[in-house]
Every structure is written in C-alpha cells, then in structure tokens.
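Engineer: Per the UniProt record's numbering, the sequence shown starts with residue 1, numbered consecutively.
Heads up, a few of these hints could be off.
[To be verified] Derived DEER-like restraints, expressed as beta-carbon distance ranges:
{"no.": "1", "residue 1": "Asn290", "residue 2": "Thr185", "range": "20 to 26 Å"}
{"no.": "2", "residue 1": "Lys258", "residue 2": "Asn46", "range": "36 to 42 Å"}
{"no.": "3", "residue 1": "Glu22", "residue 2": "Gly86", "range": "23 to 29 Å"}
{"no.": "4", "residue 1": "Gln255", "residue 2": "Thr185", "range": "39 to 45 Å"}
{"no.": "5", "residue 1": "Phe115", "residue 2": "Glu276", "range": "32 to 38 Å"}
{"no.": "6", "residue 1": "Gln280", "residue 2": "Glu36", "range": "32 to 38 Å"}
{"no.": "7", "residue 1": "Gly325", "residue 2": "Ala174", "range": "51 to 57 Å"}
{"no.": "8", "residue 1": "Glu295", "residue 2": "Asn167", "range": "42 to 48 Å"}
[What the hints assert, rightly or not] Below, a list of computed lysine-lysine pairs in the PhoX-like style, where the Cα atoms sit at most 20 Å apart:
{"no.": "9", "residue 1": "Lys143", "residue 2": "Lys264"}
{"no.": "10", "residue 1": "Lys2", "residue 2": "Lys24"}
{"no.": "11", "residue 1": "Lys146", "residue 2": "Lys250"}
{"no.": "12", "residue 1": "Lys146", "residue 2": "Lys223"}
{"no.": "13", "residue 1": "Lys140", "residue 2": "Lys76"}
{"no.": "14", "residue 1": "Lys41", "residue 2": "Lys140"}
{"no.": "15", "residue 1": "Lys2", "residue 2": "Lys48"}
{"no.": "16", "residue 1": "Lys143", "residue 2": "Lys161"}
{"no.": "17", "residue 1": "Lys24", "residue 2": "Lys48"}
{"no.": "18", "residue 1": "Lys48", "residue 2": "Lys140"}
{"no.": "19", "residue 1": "Lys41", "residue 2": "Lys58"}
{"no.": "20", "residue 1": "Lys76", "residue 2": "Lys58"}
{"no.": "21", "residue 1": "Lys258", "residue 2": "Lys223"}
{"no.": "22", "residue 1": "Lys223", "residue 2": "Lys143"}
{"no.": "23", "residue 1": "Lys76", "residue 2": "Lys143"}
{"no.": "24", "residue 1": "Lys140", "residue 2": "Lys24"}
{"no.": "25", "residue 1": "Lys257", "residue 2": "Lys143"}
No wet-lab data here; the hints were simulated from the structure.
For glycine and all other residues, C-beta sits at the position ideal for the given N, C-alpha and C.
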Amino acid sequence: MKIGILGCTGAVGQQMMRVLEERKLDIEELRLFASERSVGKTFEFNGKIIEVENMTNKNFDGLDYVLGALEADLSKEIAQVVVDAGAVYIDNSSAFRMNENVPLVVPEVNPEDCFKHSGIIANPNCSTIISMVAMNGINKCSKIEKIIASTYQAVSGAGVKGMQELNAQIRALAQGQVVLPEVFTKQIAYNCIPQIGSYDKNGYTSEEMKMQNEGRKILHNDKLLVNCTCVRVPVIRSHSISITCITEEKVELEQIKKSLQETKGIVLENEPTPLEVSNQDLVYVGRLRNDLVFENGISLWCVGDQIRKGAATNAIQIIEVLESGIQTD
1 MKIGILGCTG AVGQQMMRVL EERKLDIEEL RLFASERSVG KTFEFNGKII
51 EVENMTNKNF DGLDYVLGAL EADLSKEIAQ VVVDAGAVYI DNSSAFRMNE
101 NVPLVVPEVN PEDCFKHSGI IANPNCSTII SMVAMNGINK CSKIEKIIAS
151 TYQAVSGAGV KGMQELNAQI RALAQGQVVL PEVFTKQIAY NCIPQIGSYD
201 KNGYTSEEMK MQNEGRKILH NDKLLVNCTC VRVPVIRSHS ISITCITEEK
251 VELEQIKKSL QETKGIVLEN EPTPLEVSNQ DLVYVGRLRN DLVFENGISL
301 WCVGDQIRKG AATNAIQIIE VLESGIQTD
C-alpha cells in the first residue's frame, strides 16, 4: 500500500512514522508532507531516506491512505483534496469528529464503523481514546449510562513547545529565576492547571465536552452523560484518567475484571503510572473497585500514551482494520 503523512515533522507525525515501521505494514511507498519551511528535510524509514514534500502543493495522487497530523483548520482545507485524489483520509484533528457522515473510531471498541466511511475517518481525542478502551470492557457487561472523569494530562498534549516549557521552567526555578508562562495559562512546573481548551457557556471546557460528545458517538449511545474535569499536570508523556462509571445494571466486580482481562488493548495492573506506560500502545487499568456512592458504580484509574495510542497508533490501527476487510458487526 501507499501511505502519506501530513504534518510529518510534529510529535504525532514523527510517531506515526515509528509506529508504521514497528507494526510492519506492507508499505510500498511512504510520502511525507509538511509546510513549506520543512520542505527538503529528510527522514529515514525502513532503511530509505525520504524527503519532505510541500503540503500546499496538494499532490496526493496514487496514495491509498493519508494520515493527518494537522491542526483542525488546515485539515478542513485539505481533506477533500485527499479524498478526491482517491485516498482514505484518517484525521487526527477535531475537524470532522462530530460530522455525522464521518466515522469516529477506536478500533478496539467500534471497528465496524471504519467501513461506513465516505473517504474520511476521524481519530477521537486522546483522552477519549484511552477512556473508551477502558470503558469498553465494562460496557460489554452492562450498558454504561454515566461517566464521571478527571483527567491528568501530560504537557506533550500541547506539543513539543509544551514539553520545552516544562523543562525550561524546572531549570529556571532551580536557579532561582522567575518564570513566565507562554504555552500554558500559568506556571506548569510543580503545578497543576485545571483548564484545557476554551470555556463554554456551561462552565466546561472544550476538552471536557469532547469526552461526552465523542463518547456518545463511539459507544453508539446518545443518552450517555459525562461529567469531566481536565487538568494539565507536570508530566512529560502519557495521560491518566480517574473514572467512575454507572452501569444500567449491577455487575459483580469479578465479572468486570474478567471482561477487562479479555478485552483487547488493556492491561490490568493495580497502580499504573504515566512514566511506566509511555511508549506503549496498550491502555493500563488499575484501582478497580466498587464505587461507594453509586449502587451500580465502578471506579478505576487508567493510563495510556496519548501520542501513541491516543493518536498515532489509533490511526494506524484504523488502516489495519480497513486492510483486514473484517467487519465485526
């Protein structure tokens, strides 16, 4: 197959290249695209040197799949050009997630939706992906009606500049210097910031509403209610989420444990941390327990690498599902 990556120089684009190599897809050709300032840069892939092309030239002829690692506004501009060239566009941005004609897919949860595409498939938000993989095992036991979640999101979720700001602030503070935030709204070193995204009229942020809006679409449950608080924490990589979910029926904890153990993409481990799960494609689930407030409530802690499973790997798994041709529904 022939694959293109848009935004190949960013953190997610670079990770897409590495994951494609690791998963050993049958790739006849890989083409890399970025903005004009990156044209001419070279990257090694499967022992070959590939030169970055100018994305604005919009030459995608001959490609089977194009992976988008762009901001939403750029993705909207270029998506139809990709589709018109005959490729399936798998978009990591928020541009098409809530478009009713675009499948929103977590391959471990709703792989059958991949085959309903009209040229574009959307990757969900990173925290949504990690949470939905964890929720999938519980939802198989009994339909989830409500989710209460708090996310602890790494600075790399804000890109390379987010990581640089954390490291720079730690160094500056160690030398007794004053730090001025640029990427984040407040100092991130040795701190937590309870805001990710812009505020909505209801007091929730755009990042927090994604969990409900995207979760409903992925789980095919328009009545799912989600109360989410998203927090930026001084961790370099991997997002953690504390979740309480309330199911339609009472389910024994042992049954849920068994379901999670049998669910693809999950590792059950009592105290997973972001440091331990970084650079992996699995979602780690721990602290599993009956909730003390809700009769049908289950509480847990889940952690996943948001650059890999929360972005790059999820997109490439979508290609694998399409190539397999196996519809599970």
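Engineer: Are the hints correct? Go through all of them and say.
Structural biologist: A quick look at each hint next to the structure:
no.: 1; hint: Asn290 <-> Thr185: 20 to 26 Å; result: violated (37 Å)
no.: 2; hint: Lys258 <-> Asn46: 36 to 42 Å; result: holds (40 Å)
no.: 3; hint: Glu22 <-> Gly86: 23 to 29 Å; result: holds (27 Å)
no.: 4; hint: Gln255 <-> Thr185: 39 to 45 Å; result: holds (43 Å)
no.: 5; hint: Phe115 <-> Glu276: 32 to 38 Å; result: holds (35 Å)
no.: 6; hint: Gln280 <-> Glu36: 32 to 38 Å; result: holds (35 Å)
no.: 7; hint: Gly325 <-> Ala174: 51 to 57 Å; result: holds (55 Å)
no.: 8; hint: Glu295 <-> Asn167: 42 to 48 Å; result: holds (46 Å)
no.: 9; hint: Lys143 <-> Lys264; result: holds (18 Å)
no.: 10; hint: Lys2 <-> Lys24; result: holds (13 Å)
no.: 11; hint: Lys146 <-> Lys250; result: holds (13 Å)
no.: 12; hint: Lys146 <-> Lys223; result: holds (9 Å)
no.: 13; hint: Lys140 <-> Lys76; result: violated (35 Å)
no.: 14; hint: Lys41 <-> Lys140; result: violated (47 Å)
no.: 15; hint: Lys2 <-> Lys48; result: holds (15 Å)
no.: 16; hint: Lys143 <-> Lys161; result: violated (40 Å)
no.: 17; hint: Lys24 <-> Lys48; result: holds (15 Å)
no.: 18; hint: Lys48 <-> Lys140; result: violated (44 Å)
no.: 19; hint: Lys41 <-> Lys58; result: holds (18 Å)
no.: 20; hint: Lys76 <-> Lys58; result: holds (13 Å)
no.: 21; hint: Lys258 <-> Lys223; result: violated (26 Å)
no.: 22; hint: Lys223 <-> Lys143; result: holds (11 Å)
no.: 23; hint: Lys76 <-> Lys143; result: violated (34 Å)
no.: 24; hint: Lys140 <-> Lys24; result: violated (31 Å)
no.: 25; hint: Lys257 <-> Lys143; result: holds (16 Å)
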